[in-house]
Amino acid sequence: MTALALFRFDNSLRRRAEDADEQVHLTPRYVLDPVRVVLGGRIELDPCTTPENPVGADRFHALPEDGAARPWSAASIFCNPPYGEARVRWVRRCAQAGATGARVVLLIPAHTDTRIWHEAMATASSLLFIKGRVKFGIPRSNGRQVAASHPLALVGWNVDLRLADELGTAVPLVNPESDQGSNRKRPCDCRLF
1 MTALALFRFD NSLRRRAEDA DEQVHLTPRY VLDPVRVVLG GRIELDPCTT
51 PENPVGADRF HALPEDGAAR PWSAASIFCN PPYGEARVRW VRRCAQAGAT
101 GARVVLLIPA HTDTRIWHEA MATASSLLFI KGRVKFGIPR SNGRQVAASH
151 PLALVGWNVD LRLADELGTA VPLVNPESDQ GSNRKRPCDC RLF
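Going by the numbering used here, the sequence shown opens with residue 1, and the numbers climb by one from there.
Some clues are possibly wrong.
[To be verified] No more than 16 Å apart at the CA atoms, straight line, and that leaves these computed lysine to aspartate or glutamate pairs for EDC-like: (1) Lys131 x Glu166; (2) Lys131 x Asp165; (3) Lys135 x Asp33.
[Claimed, not checked] Beta-carbon label-pair distances, calculated as ranges: (4) Gly84 x Gly41: 29 to 35 Å; (5) Val171 x Gly101: 19 to 25 Å; (6) Val171 x Glu65: 29 to 35 Å; (7) Lys131 x Gly84: 22 to 28 Å; (8) Phe129 x Pro51: 30 to 36 Å; (9) Val174 x Asp58: 27 to 33 Å.
Honestly, the hints are just simulated from the structure, not real lab data. Keep in mind that this is a model prediction, so the values were computed, not measured. Just so it is clear, CB atoms sit at the ideal spot from N, CA and C, and this is done for glycine as well.
Taking the hints into account, I'd like the entire structure generated from these sequences.
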């Protein structure tokens, strides 16, 4: 019973060396096309991709480069980062780019129970919960496509993800941190009386 409890609560015991290969999940076209529309028809920077540049970004960073550490001077950015613990630095980097005025769309697991999710929500301007499980187009040995094992969401800074609502349910966010100087109304204080 103790071993089961350790496995359940010690994340280091849950990781396997071969998991690193499973961190590459290339964004499928049916997700990219609406993202491109949201970003004004063009993706200037993909900071987290493969050398083949499957997104078709004007500029990109691919391994072995550390795209999170490289300059992100671009007006429109799409990021589909690794989904492990490395995700934290990518989410923060997207939020930083959004704070400088860049239009940013980030594809991440919809893990609404995590600190980094709430950190992103504190500064993002819109959110889209993708319906169903995203199929990454990578065929398995049995011929079926690799699908996400969890729900995914698009998080946006300085964009309106309602333009991509064919992918799921879009929610505009009103955040005091991201709405400095905005004429938009602030959300009400929704505490019970």
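Now for the hints, and whether the structure bears them out:
no.	hint	in the structure
1	Lys131 x Glu166	9 Å, holds
2	Lys131 x Asp165	10 Å, holds
3	Lys135 x Asp33	15 Å, holds
4	Gly84 x Gly41: 29 to 35 Å	32 Å, holds
5	Val171 x Gly101: 19 to 25 Å	22 Å, holds
6	Val171 x Glu65: 29 to 35 Å	33 Å, holds
7	Lys131 x Gly84: 22 to 28 Å	24 Å, holds
8	Phe129 x Pro51: 30 to 36 Å	31 Å, holds
9	Val174 x Asp58: 27 to 33 Å	31 Å, holds
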